[in-house]
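Visitor: Sequence:
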Amino acid sequence: MTPAPATPDPSAHVPAPLVGTADPDLTLTELLAVTPTDEPDTFAGLTETYGQLGIYGGHFLGQALAAAFMTVEEPKLAQSFHAHFLARGNPDAELTYRVDRLRSGYRRDIRAVTAMQEGSAVFHLMATFKPAEDGDERGPTAPVVPTVDQVVAERSARGMPSITLPPTVAGRIQMELISEPFMEPSPGRQAELQVWARSSGPTTTTHRERQVALAYLSDSTIMFTAVLPHGAPFTTHLMTSLDHATWFHHDVDPATWLLFDQSSDVAADGRGLTHGRLFDSAGTLALSCTQEAMIRRI
1 MTPAPATPDP SAHVPAPLVG TADPDLTLTE LLAVTPTDEP DTFAGLTETY
51 GQLGIYGGHF LGQALAAAFM TVEEPKLAQS FHAHFLARGN PDAELTYRVD
101 RLRSGYRRDI RAVTAMQEGS AVFHLMATFK PAEDGDERGP TAPVVPTVDQ
151 VVAERSARGM PSITLPPTVA GRIQMELISE PFMEPSPGRQ AELQVWARSS
201 GPTTTTHRER QVALAYLSDS TIMFTAVLPH GAPFTTHLMT SLDHATWFHH
251 DVDPATWLLF DQSSDVAADG RGLTHGRLFD SAGTLALSCT QEAMIRRI
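Going by my numbering, the residue at position 88 of the sequence shown is 88; the numbering climbs one at a time, nothing skipped.
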């Protein structure tokens, strides 16, 4: 997600009304697209308010990757990226992305992207790009879980709403919770979380656009997994993403339902480490991601 406000807010997990939101009629691809400025390798991005988050972390991930793509020649695609959340984004301030071309080679390009607001760096991403190639392949088996239709039917029968997180309230992604509700963790619960997720709107048209949309989605629920075994509601924690890494494996359509399988190995020193795997409905692994978050009791 994105850095929390400086003053802890016990109700921070409750989505606040959206204000200053970008045009809701924009598709996710249009929202995350960036435009060149007068400065070389510098691009402007739209902002969008996600309640009390300011700017959702996946918004930074997607736009920064889109900015890096603007400096990388076809047919190279994103291999991986590593990002750091430096400060809380301000949706009412101008947002630009400065790209540094660290390496431009025949087989691999490396770009560093810094998001700037009001003269300060608020986010940093380093990404590697390469052309697709054939080679040995293997992969994990996707977990066996209820289908989306089964999850929706059970949720409706229990009179429960769908997940309400800032990016879902904003209408950018849709999510259906497979695991038990995670806003009120129970003692002894496993540090595991599974959801079905997809981007809203039409199918993205290019492989690059799909990678940008998947980057946006990858930050949605991963942070919360680290808190689940500790038996304390989110209202008793101050949580904020510190860094986030993603590796792309296969091309999938983010507008179709994807299984986001998440688990956390460790929580220590006021931090929690969580891993995520995103599968399509056929069991193909689209990406792997890892995130560390600050987790402090209020």
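Hints are computed from structural coordinates only; laboratory data are not their basis. Bear in mind the structure is a predicted one, so any value in this text is a computation, not a measurement. Backbone N, C-alpha and C define an ideal beta-carbon position, used for all residues, glycine too. One thing to keep in mind: the hints can contain errors.
So the derived label-pair ranges between C-beta atoms look like this [to be verified]:
1) Val-266 / Thr-96: 35 to 45 Å
2) Asp-253 / Pro-131: 34 to 44 Å
3) Asp-253 / Ala-87: 27 to 37 Å
4) Ala-112 / Arg-271: 22 to 32 Å
5) His-207 / Asp-100: 16 to 26 Å
6) Thr-164 / Asp-265: 33 to 43 Å
Visitor: Any hints this thing doesn't respect? Which numbers, in order?
Guide: 2, 6
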